[in-house]
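Trainee: Sequence:
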Amino acid sequence: MSKISITVLSGSREKVQFAAMAASVAAVSGFDVTVFLSMNALPLFLRENAPAPTNEGAFGELMEGKNMPPYLDLFESAVDLGDARIYACSMAMDVMEIGKDALQPFVTEPMGLTKFLSEAEGGQCWSF
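Note that the numbering used here has the sequence shown beginning at 10, numbered continuously upward.
Think of the hints as simulated: they come from the structure by calculation, not from any bench. If you're wondering where the values come from, they're calculated on a predicted model, not measured in any experiment. A virtual CB, placed ideally from N, CA and C, is assigned to each residue, including glycine. Please note: incorrect hints may appear among the correct ones.
[What the hints assert, rightly or not] Across the chosen pairs, the derived CB separations fall in these ranges: (1) 66 <-> 110: 33 to 43 Å; (2) 108 <-> 70: 32 to 42 Å; (3) 72 <-> 136: 12 to 22 Å; (4) 76 <-> 126: 36 to 46 Å; (5) 124 <-> 68: 31 to 41 Å.
I would like the entire structure built from these sequences, with the hints used as guidance.
Mentor: Here is the structure:
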């Protein structure tokens with residue numbers, strides 16, 4: 010089975026939405042998918058009071074008015090329908106003082122960067 014590792018660092022609508030689409034399509038297509046959430050992306054995965062993604066450009070503004078599946082639903086589908094695992098960066102959680110219980114239920118245990126890189130070895134690695 011092919012392996013895809015996705016780092017999501019940006020809080021921009023375009024990047025988070027594309028990362029979610031890539032993760033869900035890859036997972037339901039039989040890829041082993043690992044997603045690593047860190048930095049500006051991590052707050053978007055809070056259960057409560059999550060900020061809205063920011064628009065990076067005109068396409069983000071266009072996306073707001075369209076009937077696109079929300080990024081959270083796509084990431085959750087990747088976990089539910091495929092072989093995807095979504096991890097929060099333990100360092101970012103420490104810096105932002107976020108506990109595991111504050112994150113969406115489909116986000117598994119926190120993971121450090123060293124462990125993520127070890128998991129990503131031998132596969133494709135994409136960053137958004």
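Trainee: Hint by hint, work out which the structure violates, then give me just those numbers in ascending order.
Mentor: When the structure is compared with the hints, none of them turns out to be violated.
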